[in-house]
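Asker: Chains as they are written, first to last, in numbering that gives the first Met the number 0: chain A, 0 to 174; chain H, 0 to 153; chain R, 0 to 662.
Derived by calculation from the structure, the hints in this document are not laboratory data. Please note: incorrect hints may appear among the correct ones.
[To be verified] Coverage of chain R stretches by chain H, computed from C-beta distances (three or more under 8 angstroms per stretch; other residues unrestricted):
hint: 1; stretch: 236-247
hint: 2; stretch: 310-319
hint: 3; stretch: 358-372
hint: 4; stretch: 510-520
hint: 5; stretch: 526-540
For every residue, glycine included, the Cβ atom is placed at its ideal position computed from N, Cα and C.
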Amino acid sequence: MNRFLLPLSIFIVVVGFLGVGLKLNPREIPSPLVGKAAPDFSQPHLADPEQVFAPADLKGKVWLLNFWASWCSGCKTEHPVLMELAKSGEVPIYGMDYKDQRDEALTWLRRWGNPYPVVGVDEAGRVGINYGVYGVPETYVIDKQGMIRYKQIGPLDSETVANKIIPLVKQLESQ
Amino acid sequence: MRWLVLSLMVCFSGPVWAEEAKPLAEDPVVEARLKHLAVELRCLVCQNQTLADSNAPLAEDLRREVREMLAKNMSDQEVIDFLVARYGDFVLYRPPLKATTTLLWVGPFVLLTIGATALVVTLRRRARKVVDVPVTDEEQRRVEQLLAEGGKRS
Amino acid sequence: MIPEIGHFALILALCVAVVQGVLPIYGAMVGNSALMAVAKPAARAQFLLVVIAFCCLGYAFADKDFSVLYVASTSNSQLPLHYRLAAIWGAHEGSLLLWTLILTVWMFAVTLFSAHLPETMRSRILGVMGLVSLGFLLFMLTVSNPFERLIPAAPEGRDLNPLLQDPGMVIHPPMLYMGYVGFSVAFAFAIAALLGGNLDAAWARWSRPWTTVAWCFLTVGIAMGSGWAYYELGWGGWWFWDPVENASFMPWLAGTALVHSLAVTDKRGGFKVWTVLLAIMAFSLSLLGTFLVRSGVLTSVHAFATDPKRGLFILAFLAIVIGGSLALYAWRAPRVGLGGSFAMMSREGMLLANNVLLVAAMGSVLLGTLYPLFLDALDLGKISVGPPYFDAVFVPLMVPALFLMGIGPLAQWKKAEVPDLAKRLRWAFGVSVVTALVLPFVLGAWTPLLSLGLLMAVWIVTTAVIGLRERLAHVGGKSLLEQVSLVPRSYWGMLVAHCGIAVFVVGVTMVKGFETEKDVRMNVGETATIGDYTFRFDGAQDVVGPNYTAARGAFRVSLDGRETTTLYPEKRRYAAQNQVMTEAAIDPGLLRDLYVSLGEPLDEGAWSVRLYHKPFVDWIWGGCFIMALGGVIAISDRRYRLAWRKQEPTVQPSAGTARRKVA
């Protein structure tokens, strides 16, 4: 090969990568927890702090774990989608109120509606860290064996629910 | 003026006033280790900051978590493993050496080797071409004379 | 009305750029001097039009015209005038206009200082610059128009990012862009030479001063950006290997290599092909930096708000400009002659070895910056490449470069003898080694890196002294003063620039080795001691600024019981964006900086406070300014003054004669 073509060739490769790079989101970090067991926790219920919410109670079920907070604007965007999904009865959505004030969270749910059968409270953000949460909202799909099968970073939209979440849940249900 | 001097003197001599400030950290040893670790860890929510520099709430939580682990005498590697298990290699500013990062780590030195080799080869080849392979002793002598002149000129 | 005039001026500038980019180059191809003559007036007209546009935008900012979208989003009625004007380049659209303005400034400068160039060369140079400017004008007018109206007008502007409300930010970007864009001149010279097919050594002589000036600006621009990060971000760091910093550092490395390689080409007529490639590379990396900062492909502390459409435009522009030049290079370079001969062990050889190191360093920075993107694009996971990586690969590449810096200037051109060099350098080596081993102990701590840094710094300075002494003895002259004036300015410039590096190395080494910091909780009246200095907290007061409110702490600093200064760090809350900023207070000094930043208010008037004692930190930037000063001295050399004088016959390059003799 003509060695004078070398700089051009390198440049073409770099441009190719940069072109692909334009379509990627550098801020989205894939979770290493997908395919692993969902970390255990036992957190008080938001509605009734006496009661304890633990993933072990949900063994044998396919469920979603949604990290949210009343201070989070993305959660507001996502909320109608969750309400819709909850109403369809396809899959139960369990909530984890992340680093929030209890009364504000309760007001939020009263005002906008409550899609969750149970909401756990993660006041110190410890459960969040164990799940690798780095910004709310984040949603995990957990299978019957208690394995994480999918992680949604950022708000769920109806398209993702229809094309990803529901087919995945159906597949996991049939296993 | 006298009043000012007097009050200054009071300020400097008063035992109540000159108390040494307490460090923010409870355990200076843990804090030093945290600092050492945190500059190599990436704050996930920030644009591009280390865990040590960031004021984001998540960074604060993670510092708290790391501090607790260090206080329990866990090794740096254990702390790193803990974070990598949750957030992936993304948290490490020093990418671990793996199949996918080999090029990253050896690249600079490969580049240097290629560059150095290319330079030496080019200079050799060039020296042959430019001096256009002397045939006679007479020519060789003349070239050397010219080279010597060129050297002196600067 | 005024913004429309600005907008219209940009459209006219675009039309002129088309003319400037097409006619002169075509004219040079067919040998039509009427067409070639278009270049000069076109470049000047374009300069004037862009100045008008820039002034119109400046007026809109000064006038608080919030019916202009860009003004409304980067300014505020409470913002003081000088920051409103600096806000012109406070975000994407306006900074692009600054880019274009500076490009036309360089173009205008070329029309002023090119009387000695052959007509074909000058028209090709201006034509190439016109094409580059065409791309930027088109970019602005299509997807980043700074004059876009906001109807109805916003009642109030969203304010300039508080991080940028700082005197350093007023001059840092123009300096940096003068450097980035300045490489477009060297680039245009290279492309013009490739187009003309005659890469004689005169080309190198002509490009040298332009490249050096651009390099000086870039050096100062980067130093100022680093200084800004030091005092404004409040973390006390001065270089973070952030993608945006790397984007400015890569052209600097390539530019530094270019400055040295031009010396070889100028002197020996050799390695023209390589020098041309470096000229293309330096400017290409500037463009790449623009892409990285504005496209959102990488996350960075300083990145602009991003938009994929813009990313696509710059990428296409990048592909055309860089791809086109590299293709031209591949086509033309094989025909370029070789130039005079020299040995590996010679000043030329060492300059080129230094080039290899600089380019390898540049390649490493590029690799590290883009690697996360490569992996992500191949779906192989996400990683971060940060300071630990860059430090690990950069230091081993730079140490030999610094070592060579000592030897190179003492080696003879064409062929140097190793024993002779060793003899001349032995005491410099001895002094450096002894200093490096002993000084750290005297200072109270020994680490390998500390020793290494001092070794390099002392080595550079001592070898410079030897070189200067030999040079002074060599030039003759009766008095020392006469000797000094007989040594060419370019030599002084080189010496000063190299000593700048030594100063920089001392700064980095000492800060890394001896800086101390303390995080304390300070009640009013309490003291904290760091690096022999005692800080006494006198409490924090509320103060009101033009567009912010702040808590301002007062710290009385004393050394051995004597009060030296009072520092006032602030915690500001900017009203418009409700953003909190830490304004550190610094007591700068030749031998150390004292640095205080306020953390959070705690109970009972106490604050969390971070204190730093940073020995020699100002040498880091001082070194950069000395380097740039070296560049300025070098271009004041007689040879260039002659070359710039009108109607001067072109300088006969020494290399041309050398080649003829040998061949």
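Asker: Next, verify each hint and record whether it holds.
Answerer: Structure-based check of each hint:
1. 236-247: Our answer is that it holds, as 4 residues pass the Cβ test (under 8 angstroms) against chain H, meeting three.
2. 310-319: It is violated: at least three residues are needed, and the stretch 310-319 of chain R offers just 0 whose Cβ sits closer than 8 angstroms to chain H.
3. 358-372: The restraint on the stretch 358-372 of chain R holds, since 8 of its residues have a Cβ under 8 angstroms from chain H and three suffice.
4. 510-520: Per the Cβ count (4), the hint holds.
5. 526-540: Answer holds; 5 residues pass the 8 angstroms Cβ test.
Violated hint for the displayed structure: number 2, the only one.
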